[in-house]
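Chain residues, written in single-letter form:
There are 4 protein chains.
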Amino acid sequence: MINVGVIGYGYWGPNLVRNLFEVSETNVVAVSDMRQDRLEQVKSRYPSVEVSTDFRHLLNNPKIDAIAIATPVHTHYDLALQALQRGKHVMVEKPMTSTSEQAIHLIDEATRRNLTLLVDHTFVYTGAVRKIKTIADSGVLGDILYYDSTRINLGLFQRDVDVIWDLAVHDLAIMDYILPSAPTAVAATGINHVFGGTENLAYITMFFDENVIAHVNVNWLSPVKVRRTLVGGSKQMIVYDDMEPSEKVKVYDKGITVNGSADSLYKALVGYRSGDMFAPQLDVSEALKVEIQHFAECIRTGAEPITGGQAGLRVVRILESASLSMKQRGKLVHLAPSAHALNRGAA
Amino acid sequence: MINVGVIGYGYWGPNLVRNLFEVSETNVVAVSDMRQDRLEQVKSRYPSVEVSTDFRHLLNNPKIDAIAIATPVHTHYDLALQALQRGKHVMVEKPMTSTSEQAIHLIDEATRRNLTLLVDHTFVYTGAVRKIKTIADSGVLGDILYYDSTRINLGLFQRDVDVIWDLAVHDLAIMDYILPSAPTAVAATGINHVFGGTENLAYITMFFDENVIAHVNVNWLSPVKVRRTLVGGSKQMIVYDDMEPSEKVKVYDKGITVNGSADSLYKALVGYRSGDMFAPQLDVSEALKVEIQHFAECIRTGAEPITGGQAGLRVVRILESASLSMKQRGKLVHLAPSAHALNRGAA
Amino acid sequence: MINVGVIGYGYWGPNLVRNLFEVSETNVVAVSDMRQDRLEQVKSRYPSVEVSTDFRHLLNNPKIDAIAIATPVHTHYDLALQALQRGKHVMVEKPMTSTSEQAIHLIDEATRRNLTLLVDHTFVYTGAVRKIKTIADSGVLGDILYYDSTRINLGLFQRDVDVIWDLAVHDLAIMDYILPSAPTAVAATGINHVFGGTENLAYITMFFDENVIAHVNVNWLSPVKVRRTLVGGSKQMIVYDDMEPSEKVKVYDKGITVNGSADSLYKALVGYRSGDMFAPQLDVSEALKVEIQHFAECIRTGAEPITGGQAGLRVVRILESASLSMKQRGKLVHLAPSAHALNRGAA
Amino acid sequence: MINVGVIGYGYWGPNLVRNLFEVSETNVVAVSDMRQDRLEQVKSRYPSVEVSTDFRHLLNNPKIDAIAIATPVHTHYDLALQALQRGKHVMVEKPMTSTSEQAIHLIDEATRRNLTLLVDHTFVYTGAVRKIKTIADSGVLGDILYYDSTRINLGLFQRDVDVIWDLAVHDLAIMDYILPSAPTAVAATGINHVFGGTENLAYITMFFDENVIAHVNVNWLSPVKVRRTLVGGSKQMIVYDDMEPSEKVKVYDKGITVNGSADSLYKALVGYRSGDMFAPQLDVSEALKVEIQHFAECIRTGAEPITGGQAGLRVVRILESASLSMKQRGKLVHLAPSAHALNRGAA
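Chains as they are written, first to last, in this note's numbering: chain A, 1 to 347; chain B, 1 to 347; chain C, 1 to 347; chain D, 1 to 347.
If you are wondering where the hints come from, they were derived from the structure by calculation, not from laboratory data. Note that the coordinates shown come from a computational prediction; the quantities given were computed from them, not determined experimentally. Glycine included, C-beta positions come from ideal geometry on N, C-alpha and C. There's no promise every hint is true.
[What the hints assert, rightly or not] Simulated restraints on C-beta separations: (1) Glu286/D - His74/B: 31 to 41 angstroms; (2) Ser138/C - Arg159/D: 50 to 60 angstroms; (3) Gly275/C - Thr184/D: 40 to 50 angstroms; (4) Ser246/B - Pro62/D: 41 to 51 angstroms.
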């Protein structure tokens with residue numbers, strides 16, 4: 001049994017606690033939050049759980065094997081670092097940290113101490129995304145040509161992070177899991193409509209070495225909720241619509257066939273295919289439960305989590321570069337190729 | 001009665017001819033196309049129409065008052081110029097020309113000769129877009145904050161123009177009609193997946209002086225067809241979905257209310273509104289018919305068409321800048337402010 | 001504070017308990033269920049609640065003011081009767097009873113003892129149905145002409161009740177709430193595909209005195225889930241689609257205008273109207289919570305609940321007649337007019 | 001080349017003429033209509049076609065091999081009979097005739113004279129319905145358990161026929177084509193909201209010998225357009241939604257598996273399957289063109305058309321019975337079993 005302490009009982013914390021109880025290998029020993037009323041809610045629902053307004057009580061509790069962190073982004077690094085330094089395994093909310101430097105420190109710390117470090121890229125553990133991964137890895141899509149995602153709704157305007165760090169982080173985490181390589185350059189644009197606020201609407205283009213392009217459209221000011229991702233392959237293409245009640249993933253036998261030859265610019269012939277569509281049945285297990293089972297398994301076996309520190313770092317690196325590019329109205333920002341090689345090699 | 005000669009009887013020509021016959025003020029006298037089999041089709045359907053493989057027969061025909069041009073983009077300038085020089089009114093397919101310089105020449109020529117020059121921005125004449133224009137002009141949307149359009153499908157890969165000139169031109173024409181000002185800078189990204197081809201997928205961000213942003217997502221390689229535009233206002237927002245069979249335009253009483261004050265960066269308060277939705281009934285007249293009636297009226301009265309040369313020029317200018325930016329992976333391209341002032345002043 | 005005992009902790013019981021705790025005027029004192037494992041789940045979540053495998057412990061508990069019954073239909077009558085006889089207010093799952101005779105007995109018992117008897121027609125308390133009721137009562141629909149509902153999905157085949165008692169009960173409860181009068185005759189058809197089972201697919205037509213018709217299509221064997229109701233009025237019409245994530249209720253300014261005259265069979269002129277559509281914002285409060293607040297208020301004030309015994313009886317009467325008609329392949333079954341008058345008079 | 005004369009140039013006639021010209025084996029020689037302005041429209045579009053206000057000119061024209069009839073239902077029998085008596089092949093609009101007796105006479109006349117008699121059940125020739133037929137015949141659906149169709153919209157109120165003869169005829173034609181057997185009894189309900197009119201809303205249940213049920217919901221007074229048919233099989237189920245732009249046919253690997261045994265009423269076990277969904281690519285050829293090619297082929301080879309007189313008769317028989325049942329508020333009307341055997345035997 002892995003005893004877990006949960007820091008932060010705001011929006012996401014209750015889901016963590018509930019699922020940590022439901023997974024047979026994990027148990028919640030203590031919860032900390034700075035707000036007394038949140039702790040009272042913990043007490044009334046889970047009388048056996050210790051509560052505290054001071055997270056250090058959890059870090060110093062020798063019964064606790066792992067810490068789950070569900071606090072604002074700017075606190076992730078400090079909390080995770082202290083937890084690792086006290087020998088606790090760590091599951092940290094996305095985005096992993098505020099900077100890639102911080103992410104690298106956490107990875108180093110976890111590696112040195114042989115501790116499991118998992119970043120909570122929840123969507124990666126949904127039935128839909130796992131099915132897309134299986135399909136993409138099977139090769140039926142052919143070469144992946146593009147990745148295009150839209151994630152818009154009337155959302156909470158946040159002051160500490162912009163819409164990229166709040167919404168695009170989901171797309172980047174999914175993309176990092178599905179695509180065989182990582183982007184090498186980023187160009188982002190966006191706008192802030194509120195005085196003193198952060199960008200509430202943004203567009204990110206990512207370039208890859210392999211003639212692949214990715215794009216993410218995120219918006220806190222949309223009257224309608226859209227969650228749609230296209231994965232275009234040379235043989236088949238996927239449409240992933242998370243707003244669909246059941247047929248979230250559709251695989252289309254559509255595309256083009258290029259018969260080109262190098263000696264002439266005008267000899268390329270494009271043939272069009274338009275075939276059947278297929279919507280596979282999806283596992284409807286709660287993603288967070290699957291993720292916590294994976295966390296427990298990694299702690300037990302020492303395996304690197306699917307969404308470990310390296311995945312967290314790769315996503316933070318793109319977030320950083322996108323925000324930087326956005327400040328300069330789309331100026332191209334290169335992602336260091338060495339870092340890229342390092343990251344993927346470790347995955 | 002306005003006698004019209006139609007140059008080009010490919011994909012769009014038959015729609016032009018049919019509607020020119022249906023509008024009571026216009027009549028088709030002659031059609032030219034370089035392909036004999038296309039002309040035979042004209043003859044079998046409209047025995048009274050003269051046909052020719054040489055467009056000059058139309059230009060030299062004194063009975064013809066106006067020329068409608070439905071040929072590939074690179075021929076628009078030459079054909080339109082010759083038609084104007086022979087004193088014919090001109091209706092030219094979109095995009096107006098291949099360069100903004102050409103567009104300016106045509107405007108000058110038409111102005112000097114007091115001839116009507118209309119660019120066939122067909123969508124502007126649909127019931128949906130005209131209704132959006134009425135709503136936007138009424139002020140109920142408040143300040144317009146953003147314009148976001150997606151126009152994707154499995155489309156024909158073209159060799160002479162990229163996806164921006166083929167698909168985004170529609171969005172730019174609609175945007176030019178609806179928004180009260182024009183963009184001042186453009187950043188575009190895209191990719192070409194076919195050796196020797198043009199970009200088949202592109203993303204265009206446009207910046208405006210008034211803290212407004214616009215974005216267009218176009219793609220010839222999508223397994224699903226999407227035609228959706230969001231117009232975000234400070235009071236209400238519009239979703240225009242052209243794939244909806246009847247409720248194409250939806251007006252949402254949703255948004256945020258900002259109560260900000262300048263003395264503190266952190267005093268802005270954001271309130272959320274989520275109210276009713278309203279889908280107005282739309283005029284279902286065929287857009288091209290409405291447009292040809294407008295063309296006839298402008299010829300009769302001498303009025304500047306809604307989609308006259310200036311509108312055509314503004315769109316070409318953005319297309320040019322977007323293609324230029326795309327070649328440099330999103331490098332910001334400024335649209336000359338003087339030209340902008342000139343354009344809008346003339347509108 | 002109203003102390004409630006809950007009998008039955010299967011599918012619906014947990015929702016009852018949770019909401020009874022959330023409503024400030026109600027409190028759960030005890031829960032009974034015949035299955036020990038269900039009671040353990042109660043204990044782990046709500047340590048303060050007494051549990052028992054014998055419902056009589058609840059009925060005999062003097063601290064308990066009201067009993068909520070969430071058990072199979074055939075037990076409703078006995079449990080509700082005993083509860084009323086012990087002076088407890090009763091909230092009973094739908095359908096109220098297995099026969100209309102039983103329903104009448106319960107109404108009489110509650111009336112005699114001045115106890116509140118509420119039937120859990122949950123949908124009546126949703127924001128969508130309450131909004132439809134407001135719209136219908138406002139008169140904007142004109143005369144109601146028809147009511148047409150489809151409620152189909154891949155559902156659990158039940159042995160004790162047929163699909164009418166399981167699914168159509170929802171539609172009948174909503175219809176009873178919205179329409180100004182009750183049906184006077186029923187014709188139903190259906191089929192049972194499983195040997196030894198009950199009808200798993202059924203169609204019910206209901207006739208009204210006022211040239212109104214209603215129809216309900218229910219099916220446990222549909223590959224897709226549909227929840228759609230049309231309320232056709234002479235002036236406006238409503239489409240209520242419960243599968244829509246947010247725009248569940250749409251009001252259409254569409255219909256026909258009849259200009260008829262009695263002297264000629266052929267003089268009636270039908271004009272068509274096709275106007276705007278309007279989707280009002282809906283209250284998203286959990287229906288069961290609203291319902292329990294209403295239950296508490298009725299107990300406090302002695303008012304008849306919106307879905308009181310009379311509403312429950314009217315629905316059971318139609319269910320009975322529909323099942324009877326279905327056994328005879330659509331034979332018309334009349335609903336006693338006196339009973340009808342009685343029911344509506346009491347509402 | 002088959003020379004065709006077309007009687008009736010109202011709503012459907014222009015589609016017939018256009019497709020008769022497009023099919024290489026057929027040609028339009030003459031068109032008749034009682035309205036002069038309709039004939040002028042024929043002349044302006046097709047100058048080579050002879051026109052007449054008297055259909056007898058067509059029947060007496062020896063150059064004409066076949067007659068296509070697109071007139072009101074009550075004229076079908078007379079026109080078709082005269083055409084057959086003059087040795088012309090006949091293609092007649094649906095419904096074939098006003099009574100089954102008339103239909104039988106036409107079948108006899110055509111058989112005796114070895115003439116082709118085709119009823120224009122257009123939907124049978126769509127890519128969607130032909131695909132459904134292929135799927136159903138392949139056996140993958142297992143036993144067909146039910147057929148459920150909804151065909152509603154704001155439609156033209158007609159005086160001479162009720163909504164069953166106008167809309168349900170499509171569903172009955174499709175059902176007749178797809179299902180392996182014909183119904184043996186019908187129960188229908190409906191309502192007429194306009195004084196002096198016909199039923200504008202109707203529900204038809206059909207019973208089959210093989211524990212199969214079918215239901216059709218038709219309505220001229222719906223604010224939304226729905227065209228959805230479910231074909232429930234014991235192994236797989238089909239949803240055919242004609243309003244979908246491309247994925248009109250979806251095959252669901254969903255359903256129940258019954259493991260029953262006869263000795264006990266309670267031993268039946270129901271297992272649920274919920275698997276993948278599959279949307280096959282559909283032929284998008286215009287149905288009417290495919291149908292006319294089939295008509296030409298049947299004339300050439302003497303083969304019985306897919307939608308020949310027998311199919312037309314089976315559909316008229318159900319229409320007759322349904323209208324009869326509807327007049328008696330759902331009274332069951334039996335379809336003569338001998339006729340049924342005869343009909344299917346001939347198919």
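Against the structure, the hints come out as follows:
For Glu286/D and His74/B, the Cβ-Cβ distance of about 34 angstroms falls inside the hinted range of 31 to 41 angstroms, so the restraint holds. Separated by about 34 angstroms at the C-beta atoms, Ser138/C and Arg159/D break the suggested range of 50 to 60 angstroms. Remark: the range hint 40 to 50 angstroms for Gly275/C to Thr184/D is upheld by a beta-carbon distance near 45 angstroms. Ser246/B and Pro62/D have their C-beta atoms about 49 angstroms apart, which keeps the hinted 41 to 51 angstroms range intact.
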